[in-house]
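Colleague: Sequence:
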Amino acid sequence: MSVDAALAWVDDRHDQLLARFSELLRIPSVSTDPAFAADVQRCADWLVGDLQRIGFANCQAIATAGHPVVYGEWLKAGPNAPTILVYAHYDVQPVEPLELWETPPFEPRLHEGRLYARGSIDDKCGAFANLIAFEALLETSGTLPVNIKVVFEGEEETGSPAMEPFVRKHKDLLAADLMLICDGGSEPDQPLMFYTARGIIGAEVKVTGPSHDLHSGLVGGAVQNPIHVVSTIIAALHDQTGRIQIPGFYADVQTPSATEQGLMAAQEQEFFEMLKSQTGRDTFWANELGSLVARTTALPTCDVNGVWGGYQGAGTKTIIPAEAGFKVTMRLVADQDPHAILEAFSQFAQSFASETAEVIVTKGPASYPVNLLYDGPVIEALQAAFEATWGKPATLYRQGGSVPIMGMFQRELGMNLATLGFGTGENGHAPNEYLLVDEFFRGVATAIHFYTNMGQQAA
Numbered sequence: 001m002s003v004d005a006a007l008a009w010v011d012d013r014h015d016q017l018l019a020r021f022s023e024l025l026r027i028p029s030v031s032t033d034p035a036f037a038a039d040v041q042r043c044a045d046w047l048v049g050d051l052q053r054i055g056f057a058n059c060q061a062i063a064t065a066g067h068p069v070v071y072g073e074w075l076k077a078g079p080n081a082p083t084i085l086v087y088a089h090y091d092v093q094p095v096e097p098l099e100l101w102e103t104p105p106f107e108p109r110l111h112e113g114r115l116y117a118r119g120s121i122d123d124k125c126g127a128f129a130n131l132i133a134f135e136a137l138l139e140t141s142g143t144l145p146v147n148i149k150v151v152f153e154g155e156e157e158t159g160s161p162a163m164e165p166f167v168r169k170h171k172d173l174l175a176a177d178l179m180l181i182c183d184g185g186s187e188p189d190q191p192l193m194f195y196t197a198r199g200i201i202g203a204e205v206k207v208t209g210p211s212h213d214l215h216s217g218l219v220g221g222a223v224q225n226p227i228h229v230v231s232t233i234i235a236a237l238h239d240q241t242g243r244i245q246i247p248g249f250y251a252d253v254q255t256p257s258a259t260e261q262g263l264m265a266a267q268e269q270e271f272f273e274m275l276k277s278q279t280g281r282d283t284f285w286a287n288e289l290g291s292l293v294a295r296t297t298a299l300p301t302c303d304v305n306g307v308w309g310g311y312q313g314a315g316t317k318t319i320i321p322a323e324a325g326f327k328v329t330m331r332l333v334a335d336q337d338p339h340a341i342l343e344a345f346s347q348f349a350q351s352f353a354s355e356t357a358e359v360i361v362t363k364g365p366a367s368y369p370v371n372l373l374y375d376g377p378v379i380e381a382l383q384a385a386f387e388a389t390w391g392k393p394a395t396l397y398r399q400g401g402s403v404p405i406m407g408m409f410q411r412e413l414g415m416n417l418a419t420l421g422f423g424t425g426e427n428g429h430a431p432n433e434y435l436l437v438d439e440f441f442r443g444v445a446t447a448i449h450f451y452t453n454m455g456q457q458a459a
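Numbered according to full-length UniProt numbering, the sequence shown spans residues 1 to 459.
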């Protein structure tokens, strides 16, 4: 199987491939707005048709409680070849504010090496780059080096509400040796791969006191102030070093391996410079709990995101308010159970209740942390692909944010995950979203090398 032939096939067809990509980008598959439901279905049908055109089997847009999931498979590489489940999503963000777009968001425009369109980097490029790679290999060699299953989601931008039931129902269909997540991108001059993402849980705490707002001059000192209770709870969440005081919070925290600690140490200075740039400061809170990279990616956090209660207008209003509250989110790391931590937080907050103040905790959604591959044969195949196309390996990093669907995939399907992003550009959730075309095709070449490398490992 000739990688060079597949790469040449792509190079000879850049204009043709971009024209076809533009067809996909013209479909306004905005998943968050019911007014676009027919367009989301049309986008799914387009992808099914393209999978069929290039030679995939069992291609279908599978109905869910929300938007359809696109599935297709090519399973002719033989039983000794690995099966890779490739994930991307075809739904896109809303375009508002429309007046800030320099050109219509669903009329792709190529300008100075940038392809402007909604969905160009988030994440139709992830689906289409793989379609190009598969077609190039099939057209030049008649086969693929590995078995492939694709699953393209239609509601990632709404939080993937239908994906967990879909995965549970179709576990046999989705069975594979590896799941490749193709959502995200790299820097223009440096490929990136993240190998962890933290879980997230959220809650709202409301403290109620008197039945209505009261005159502080008449009852102050006799009636407990709900804002004071809220302040006490918030102050009790951390000690002076920043360590979280919820009982059992750190019990299941996984210690990073020596390899991971080395990766984090190598990124500490760059991360420090980024923090200085973002905050305008050069010292940071509670560094004694660990390095900055470790604190923001390998340790859990608990952050109050908003506080409410009492009078917020101009001047003074001398009241004891009837209620007050706050919103909180917690980022979790392997092997923390989000439901157990949420329950521990609820019990902690409610321990501040009294006969004069009721504490009500409303639990929000919960998602699991996820650990992806960071070494071994799959990463070796990916890094060799990056070396071939970028001339350098990808930077492996821990992600402090959360990607809820990855934890669900790992938990439900029980397979290893790795990432390969194609969305190098800007403004994925903003006006004037654009994809860097040269980097996109370099990503296609990386995919061709990767799938070939994986096939050669199994040979």
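No lab work stands behind these hints, which were simulated from the structure alone.
A few of these clues could be false.
[As the list claims (entries may be wrong)] With a straight-line cut-off of 20 Å between C-alpha atoms, the simulated SDA-like cross-links for lysine to any residue are:
1. Lys327 / Gly310
2. Lys327 / Trp308
3. Lys206 / Ala344
[Unchecked claim] Computed Cβ-Cβ distance ranges for the label pairs, DEER-style:
4. Asp335 / Gln60: 33 to 39 Å
5. Ala222 / Arg243: 42 to 48 Å
6. Tyr250 / Lys169: 45 to 51 Å
7. Leu275 / Phe352: 19 to 25 Å
8. Phe352 / Thr103: 50 to 56 Å
Just so you know, even glycine gets a beta-carbon here, dropped at the ideal spot from N, CA and C.
Colleague: Confirm or reject each hint.
Modeller: How the hints compare with the structure:
{"no.": "1", "hint": "Lys327 / Gly310", "verdict": "16 Å, holds"}
{"no.": "2", "hint": "Lys327 / Trp308", "verdict": "9 Å, holds"}
{"no.": "3", "hint": "Lys206 / Ala344", "verdict": "17 Å, holds"}
{"no.": "4", "hint": "Asp335 / Gln60: 33 to 39 Å", "verdict": "36 Å, holds"}
{"no.": "5", "hint": "Ala222 / Arg243: 42 to 48 Å", "verdict": "36 Å, violated"}
{"no.": "6", "hint": "Tyr250 / Lys169: 45 to 51 Å", "verdict": "36 Å, violated"}
{"no.": "7", "hint": "Leu275 / Phe352: 19 to 25 Å", "verdict": "33 Å, violated"}
{"no.": "8", "hint": "Phe352 / Thr103: 50 to 56 Å", "verdict": "54 Å, holds"}
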